[in-house]
Amino acid sequence: MTRGSRKSWQYFGLGLAWFYLLLWPLLGIRDGELHFAATFAVWLRVAVGATICFVLYRLGKAGRLDGVLHPLAAARDAVGDAMSRAPRWMLLTPVIVFALAYPMLTNRYAQDVAINVLVYICLGLGLNVVVGLCGLLDLGYIAFYGVGAYTYALLSVHYSVPFWVCLPICAVFAAVAGCFIGYPTLRMRGDYLAIVTLGFGEIVRIVINNWMALTGGPNGILGIKSPGIYIPHFVDGSFSFEYLLLRKLEYLYYVILALAAFTIVAVHRINFSRIGRAFEAIREDETAAELMGVDTFRFKLLAYALGAVFGGLAGAFFAARMRFVSPESFTFIESAMVLAMVVLGGMGSIPGVILGALALVALPEAFREFELYRMLAFGGAMAVMMLVRPAGLWPAARMGKRSDDTE
Amino acid sequence: MDYFFQQLINGLTLGGVYALVALGYTMVYGIIQLINFAHGEIFAAGGYLGVILLSYMASQGLMDSHPWFGLAFALILAMGYCAMLAMAVEKVAYKPLRQSSRLSVLLSALGMSIFLQNGLMLTQGVYDKAYPTEFTHGGFEWLGVRVSYMQIGILAVTALLLVLLNTLVFKTRIGKAMRATAQDKVMSALVGIHSDKVISTTFAIGAALAAAAGIMVGLYYGSVRYDMGFVPGIKAFAAAVLGGIGNITGAMIGGLIIGMVEILAAAYIPAGGEYKDVFAFVILIGVLYFMPTGIMGENVDDTRV
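Heads up: the protein sequence lines correspond to chains A and B, in order. Quick note: the first sequence uses this note's numbering, first residue 98, plus one each step. Quick note: the second sequence uses this note's numbering, first residue 18, plus one each step.
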């Protein structure tokens, strides 16, 4: 045992003792009695888990696990290499076929989860335009989702406008809201921007919650119509269109799949366009971008509006699918959740965001018995990710070389 | 006019609490340029520690015989607990990220905030926890204005803590080290200031103040909730920005202003009660837009505005 390792073990022990001290008052003082067993049980579980992780970490650092880790890393590199060399259609086709066949293979519950994942993919990709491409940290993104949802809800309930007509209207409303929020805030940078967008997000929620006459306040809006389509109908040789409300889950699945596909293609196209390059320039160095002739204010506003559009579309679908909206769906924690998807997956990376949405929405469903611990694990994972893999699970591929890249 | 003074007293009480929380934000921001999202949760943890300790002491009969001693004891223990908690959070989530981008640290702070909030929920339950408030009843009437002993207590403790903090920051060695580190981390390290220790201390002091605020809010409103830290946290941050972020005196003034505005707006603007949370956000946005340096702030570099 070297001196360095003894020191790190001492720190580890100190950390565990510290953790017990912090945990005990919360669990150990109840009903006017002092308890120790309950705290100890929780603490022991955490301590054992942490010790195992720590031992593995130390062994990895000391090079004892190289026999396992090196082949693993080699295998990962080989797979990555093969993937990058295969033509893109070979990778995309199975995914598309699977996505299209999904409702036939699965039950209602799995479809429900898939719809949720797809909604969050739309949201994540929308936020990705703002945070990942343009580098503007937005903590109030869910406000646009709310604007989209309430726009469709109100138009559907009061004027019975059909879903498909509402989609562009919702997008426009969300974009206007994006500009409205963006205009005063975009002069700020970094964490001032983050806190101001958070403030705006909260303002939108509070207004929705309190404007009883328009939004019904905390009671929400009931009776929103599902999306409908006209299908050709042949009866006795005569030809007519029949109006069909898409209430069944598998139909809704295809609607959101189409919406998600639209979002993916759109974000991909934005990413590789002149606008996308301007966004990336702003993200990397705003002052330099401005010097190079990028109209930073206009492009930042555009990023905001574009992100808001995708949020608004997802919101409209959310309202149509739930057939009920209430302010509870648009809290800060949802914003944090969407942001976590973008960050976890890899900022600016489309497959990364999809992976992030899968990880944060589908994975908790697999561990349903630990439902209570979901947000705890989610918060912890966010902090841990920043420590071990700040670029995300599937970092965005950078185009070209930069001056600060090492060879 | 009585009504106005009544609201003024209420606003002063609330503003004092915001000022205490805002100090934690402003000190941490001043020293490592981080919006410590977990600070609101530490405030909530302080409130919970207060209710746990006070209920325990009440069940042991201590609160009947020595109520003031019990309150002070709970206050000090909760402050110590939260200082430990904040130091642990800093060591785990912020210190390893000292060299990474600001965004990483901010997201780590957000993650810690969610983690702590849910930790509180899991250990203490989702429902409101009622404070034992039998010993804080009573008050007096003076020129038609009702002042409860609780309000006097809050104002007194707030004033005491603010004076102590001022002495600590401006009159002691560690305070001097804190100010030096906030000004220039590299230079202060060169003259022998252990910046990691100073940063830890800053977190501890800010958390202790937040814990005191948490207990007082719990006593004042009679209950605590696991998510009580979020909105006051944002408002306190607004107060810190209003006063000029990084500036201790500014945070105190900003807290008082935000508290006053919230109470007076709720009292005088029609439907202001429902929208009272909006005012702090509007002030925050307005200040950042028109006056990003705040009331007492110095220059702001181009990474923020």
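To be clear, the hints were calculated from the coordinates, so they are not data collected in a lab. Keep in mind the model is a prediction, meaning the values are calculated, not measured. Please note: incorrect hints may appear among the correct ones.
Said to hold, decoys possible - In the DSS-like style, the derived pairs of lysine-lysine whose C-alpha atoms are separated by at most 27 Å in a straight line are:
id, chain 1, residue 1, chain 2, residue 2
1, A, LYS345, A, LYS322
2, B, LYS214, B, LYS112
3, B, LYS202, B, LYS112
4, B, LYS112, A, LYS158
5, B, LYS293, B, LYS188
6, B, LYS193, B, LYS108
7, B, LYS188, B, LYS202
8, B, LYS214, A, LYS104
9, B, LYS108, A, LYS158
10, A, LYS104, B, LYS112
11, A, LYS158, A, LYS104
12, B, LYS214, B, LYS188
13, B, LYS193, B, LYS214
14, B, LYS214, B, LYS202
15, B, LYS108, A, LYS104
Claimed, not checked - According to the in silico footprint, chain B covers these stretches of chain A (three or more CB under 8 Å from chain B):
id, segment
16, 159-172
17, 289-300
18, 423-437
From the three backbone atoms N, C-alpha and C, an ideal C-beta is built for every residue, glycine too.
Status of the hints after comparison with the structure:
1. A:LYS345 to A:LYS322: 13 Å, holds
2. B:LYS214 to B:LYS112: 11 Å, holds
3. B:LYS202 to B:LYS112: 14 Å, holds
4. B:LYS112 to A:LYS158: 20 Å, holds
5. B:LYS293 to B:LYS188: Judged against 27 Å, a Cα distance of about 38 Å means the pair is violated.
6. B:LYS193 to B:LYS108: The hint holds at about 22 Å.
7. B:LYS188 to B:LYS202: It holds: about 20 Å lies between the C-alpha atoms, which stays within 27 Å.
8. B:LYS214 to A:LYS104: 18 Å, holds
9. B:LYS108 to A:LYS158: Answer holds: B:LYS108 to A:LYS158 is near 21 Å, not above 27 Å.
10. A:LYS104 to B:LYS112: 18 Å, holds
11. A:LYS158 to A:LYS104: 15 Å, holds
12. B:LYS214 to B:LYS188: Given pair B:LYS214, B:LYS188 holds - Cα atoms ~18 Å apart, limit 27 Å.
13. B:LYS193 to B:LYS214: Measuring from Cα to Cα gives roughly 13 Å; hence the hint holds.
14. B:LYS214 to B:LYS202: It holds: about 12 Å lies between the C-alpha atoms, which stays within 27 Å.
15. B:LYS108 to A:LYS104: 16 Å, holds
16. 159-172: violated (count 0)
17. 289-300: holds (count 9)
18. 423-437: holds (count 5)
Checked against the numbered hints given earlier, this structure breaks hints 5, 16; the rest are met.
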